[in-house]
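Number of protein chains: 2
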Amino acid sequence: MTKQRIRDILRHGQPDDTITVQGWVRTKRELKEFTFIEVNDGSSMANIQVVLDATLPNYEEVLKRLNTGASVEVLGTLVPSPGKGQRIEVKASSIQVYGESDPETYPLQKKRHSFEFLRTIGHLRSRTNTLGAVMRVRNACATAIHRFFQERDFIWVHTPIITASDCEGAGELFTVTSFDLSKIPQTQEKTVDYSQDFFGKRAYLTVSGQLEAEVMAMAFQNVYTFGPTFRAENSNTSRHLAEFWMVEPEMAFCDLEGDQELAEAFLKYIFKFVLETCSEDMEFFNERIDKSVLETANNIINNEFERITYTEAVKLLEKADRQFEYPVEWGIDLQSEHERYLAEELFKKPLIVTNYPAGIKAFYMRLNEDDKTVAAMDVLAPKIGEIIGGSQREERLEVLQQRIQKLGILEEDIWWYLDLRRYGTVPHAGFGLGFERLVQFMTGMGNIRDVIPFPRTPLSADF
Amino acid sequence: MTKQRIRDILRHGQPDDTITVQGWVRTKRELKEFTFIEVNDGSSMANIQVVLDATLPNYEEVLKRLNTGASVEVLGTLVPSPGKGQRIEVKASSIQVYGESDPETYPLQKKRHSFEFLRTIGHLRSRTNTLGAVMRVRNACATAIHRFFQERDFIWVHTPIITASDCEGAGELFTVTSFDLSKIPQTQEKTVDYSQDFFGKRAYLTVSGQLEAEVMAMAFQNVYTFGPTFRAENSNTSRHLAEFWMVEPEMAFCDLEGDQELAEAFLKYIFKFVLETCSEDMEFFNERIDKSVLETANNIINNEFERITYTEAVKLLEKADRQFEYPVEWGIDLQSEHERYLAEELFKKPLIVTNYPAGIKAFYMRLNEDDKTVAAMDVLAPKIGEIIGGSQREERLEVLQQRIQKLGILEEDIWWYLDLRRYGTVPHAGFGLGFERLVQFMTGMGNIRDVIPFPRTPLSADF
Chain B
1 MTKQRIRDIL
11 RHGQPDDTIT
21 VQGWVRTKRE
31 LKEFTFIEVN
41 DGSSMANIQV
51 VLDATLPNYE
61 EVLKRLNTGA
71 SVEVLGTLVP
81 SPGKGQRIEV
91 KASSIQVYGE
101 SDPETYPLQK
111 KRHSFEFLRT
121 IGHLRSRTNT
131 LGAVMRVRNA
141 CATAIHRFFQ
151 ERDFIWVHTP
161 IITASDCEGA
171 GELFTVTSFD
181 LSKIPQTQEK
191 TVDYSQDFFG
201 KRAYLTVSGQ
211 LEAEVMAMAF
221 QNVYTFGPTF
231 RAENSNTSRH
241 LAEFWMVEPE
251 MAFCDLEGDQ
261 ELAEAFLKYI
271 FKFVLETCSE
281 DMEFFNERID
291 KSVLETANNI
301 INNEFERITY
311 TEAVKLLEKA
321 DRQFEYPVEW
331 GIDLQSEHER
341 YLAEELFKKP
351 LIVTNYPAGI
361 KAFYMRLNED
371 DKTVAAMDVL
381 APKIGEIIGG
391 SQREERLEVL
401 QQRIQKLGIL
411 EEDIWWYLDL
421 RRYGTVPHAG
431 FGLGFERLVQ
441 FMTGMGNIRD
451 VIPFPRTPLS
461 ADF
Chain P
1 MTKQRIRDIL
11 RHGQPDDTIT
21 VQGWVRTKRE
31 LKEFTFIEVN
41 DGSSMANIQV
51 VLDATLPNYE
61 EVLKRLNTGA
71 SVEVLGTLVP
81 SPGKGQRIEV
91 KASSIQVYGE
101 SDPETYPLQK
111 KRHSFEFLRT
121 IGHLRSRTNT
131 LGAVMRVRNA
141 CATAIHRFFQ
151 ERDFIWVHTP
161 IITASDCEGA
171 GELFTVTSFD
181 LSKIPQTQEK
191 TVDYSQDFFG
201 KRAYLTVSGQ
211 LEAEVMAMAF
221 QNVYTFGPTF
231 RAENSNTSRH
241 LAEFWMVEPE
251 MAFCDLEGDQ
261 ELAEAFLKYI
271 FKFVLETCSE
281 DMEFFNERID
291 KSVLETANNI
301 INNEFERITY
311 TEAVKLLEKA
321 DRQFEYPVEW
331 GIDLQSEHER
341 YLAEELFKKP
351 LIVTNYPAGI
361 KAFYMRLNED
371 DKTVAAMDVL
381 APKIGEIIGG
391 SQREERLEVL
401 QQRIQKLGIL
411 EEDIWWYLDL
421 RRYGTVPHAG
431 FGLGFERLVQ
441 FMTGMGNIRD
451 VIPFPRTPLS
461 ADF
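Same order as they appear, the protein sequences are chains B and P.
Going by our numbering, the letters in the first sequence line up with residues 1 to 463, in that order.
Going by our numbering, the letters in the second sequence line up with residues 1 to 463, in that order.
In isolation and in its complexed conformation, chain B is listed as follows (with noise of 0.2 Å):
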């Protein structure tokens, strides 16, 4: 007899398997001769259910601790399950309880809780259906991007967090220091010596790990991020997080219609996954959270997806019979408001808008022989928006020292980058992805709070 999770037990056990279970009681029904418990151990939204019959040598004094949030082992034999919803149940031989869960004072009861209230109890709110599922499916959604970028040869690279490097300019960083904040040492001219800080100079978070990723992918043709990324941005929404996770797949030898046929695979090949594998928390979400979340998850998979050009993109929205919030003009940055009519009303499916406007893009998209547009791309989605962004890499070496001189950053600090373009300079490519937000859309979830472990917000780090 080994011990199995609940999942397999309910999937492939049969009457008369003698099988351990260990996990939290949910929830406790006390009959005359018996009572049942529902047992969980988050392998599975789904629990089992256990009989006690009241013929147990210690029934009276497991009876009273078997609260919900009770963490028990159970030792049974596996029977039919006369009652509905159930193929089989566990016919309890013994049962220990090993931690109780006092009633008066477990915050989380049978009741429904809201999603603000369980943010409080970070450290318990795992334990819920939906943040339990949340986190299976988050961890689906992991796998499938580190299999997905091995089975194709794919080497993943650990840019890194602390970088003294700021031009990314993706928005407002944290500065990292080992200094006491109390004595901060000055320079003669009465500034900040960074000089005496750990790093000899200052450090921050990094918001991007693009250009070491690029750096890795002129060694080794292929390669991907997979880690933290942070924005000290104030921005106290339901889609910003301070600290999130993002990938950022390079590719040497791609160019921009590459990219666009990796990131469609990618995002197929994540949805599939988590369908796959993840079939009842799926349906859990579909059913309680967002009824168009199958639809969407099957939109993508099943679509081979649109693709115009920025420029075809303005036409569109210039023609649409509708009052946009943000008027639509040649030059603008596309809205949600934009992202969404095109890919839920127009087109009904995913597209990709390449080629935007050189002015609204980053300094390292290449420049398009227009001399106007960068060989930019953004992934939208019904319901989703934006859920991609990437490019073509300047690797032209002169191209990129004028772009970067007009944007008024220093050759000098970003001289490694520019050395890319010195010495075997290639056509590349590559586009990065909010994980978080994907979890998000797979899910359904309205606030990104709800799909990380422990989020980091203005005003909150706790746990």
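Think of the hints as simulated: they come from the structure by calculation, not from any bench.
Do not take every clue at face value.
To be verified - Selected chain B positions facing chain P (in silico; Cβ < 10 Å):
(1) ARG5
(2) ASN40
(3) ASP102
(4) LEU118
(5) ILE121
(6) THR143
(7) GLU172
(8) GLN186
(9) SER195
(10) TRP245
(11) LEU346
(12) TRP415
(13) VAL426
(14) ARG456
Claimed, not checked - Below 27 Å or equal to it, Euclidean Cα-Cα: the simulated BS3-like pairs (lysine-lysine) are:
(15) B:LYS372 - B:LYS361
(16) B:LYS84 - B:LYS111
(17) B:LYS190 - P:LYS190
(18) P:LYS64 - P:LYS91
(19) P:LYS372 - P:LYS406
(20) B:LYS272 - P:LYS3
(21) P:LYS84 - B:LYS190
(22) B:LYS3 - P:LYS268
(23) B:LYS372 - B:LYS406
(24) B:LYS183 - P:LYS201
(25) P:LYS190 - B:LYS183
(26) P:LYS183 - B:LYS201
(27) B:LYS183 - P:LYS183
(28) P:LYS64 - P:LYS111
(29) P:LYS110 - P:LYS84
In this text, a Cβ means the ideal position worked out from N, Cα and C, and glycines have one as well.
Given chain B, put chain P in place with the hints provided.
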């Protein structure tokens, strides 16, 4: 004709196959009627040899541009190689140079470079044989880790990088702040007013995800972390990094016995996976870096780990026929010389030492019945020393409360950690593995800065 990686062409390519090779020139050898170039694309240590016939239309023009480091695309046909050391080579039908590499300034010429020098060109060093092999092995180790845990139904949990809790006590902490360091807000009492900082309190970079992993294990039974951790220690050694990746499994319903079993299976799995998937790279390390790496790996794979208690270890050390620098007596923390004596000389295989004195171990380790030792374990390996440290955790609320009180940790600072013992507590255990240490041991690399793409150390956060 599809694009193929050089590793696959070398393994599976057949004469007359038409192929495309994309990569970077390692060497060029000009003869009278043709020129040989060796091309590498990062997929393997081995280069592919390309023969350029002088009759190629752009031969003269291309030849000047084919210097070490230049990027090329070659179309051609595979032919049996008459030369030594390779089965096949490419007869080029066309060649394109994407990016040149000025031999006057390109730092990576054919000669051997010291690892110290290579660290100064961190953006190029992965293009060398040794660093290339390191990063492939690193990727294989990371992949093995995810596979091992996912096969066993562990959930990958992303524990927070930014934390407001400093009670792990594992060393010096980096502060994370959004303050302008030249204008630190002060309270009326002239102390730093952290309430005005981004998180409303003092925040740090994490030193371990264990406490949060315990939270998750209490919901999902088996979980693991795999993410960056930080130490602001001013240690300029070959074994310390300020930023490194750590793996921390945590298992509910598990004692020290189960913890040891997992650690042994885990190490065996990783070493086996790497030997199988990176045999060429591992042979390179064995030949060029450390003649014992294959022996060490096989020793780990093929031996059942010895298990002894700390008390037994101390007795064995006291009986040893040698002078240790640090004298041995019950109560001391074992030093590297002691660990290596036990693993290399006495047992000549990996061993797990358990049940260390409580006084030298962390507050969360489970107190044994003897009231003197805790259920801790260290896995020691020949040539390696300590590679894993773990423990069964103290699951009893009162014992834990007494322990932290003695250490001056305030209950209000880890109320949520104590809550895990209040509600459904169970025996649980886990361990930590420093990922870069693992890669260092796997490859035999002498300096830990050479097994991570962009090392962060005192006064150094380049690239």
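Now the hints, each set against the structure:
no.	hint	verdict
1	ARG5	holds, 6 Å
2	ASN40	holds, 9 Å
3	ASP102	holds, 7 Å
4	LEU118	violated, 12 Å
5	ILE121	holds, 8 Å
6	THR143	holds, 5 Å
7	GLU172	holds, 7 Å
8	GLN186	holds, 8 Å
9	SER195	holds, 9 Å
10	TRP245	holds, 6 Å
11	LEU346	violated, 34 Å
12	TRP415	holds, 9 Å
13	VAL426	holds, 4 Å
14	ARG456	holds, 5 Å
15	B:LYS372 - B:LYS361	holds, 11 Å
16	B:LYS84 - B:LYS111	holds, 21 Å
17	B:LYS190 - P:LYS190	holds, 19 Å
18	P:LYS64 - P:LYS91	holds, 19 Å
19	P:LYS372 - P:LYS406	holds, 15 Å
20	B:LYS272 - P:LYS3	holds, 26 Å
21	P:LYS84 - B:LYS190	violated, 66 Å
22	B:LYS3 - P:LYS268	holds, 22 Å
23	B:LYS372 - B:LYS406	holds, 15 Å
24	B:LYS183 - P:LYS201	holds, 18 Å
25	P:LYS190 - B:LYS183	holds, 11 Å
26	P:LYS183 - B:LYS201	holds, 18 Å
27	B:LYS183 - P:LYS183	holds, 12 Å
28	P:LYS64 - P:LYS111	holds, 20 Å
29	P:LYS110 - P:LYS84	holds, 20 Å
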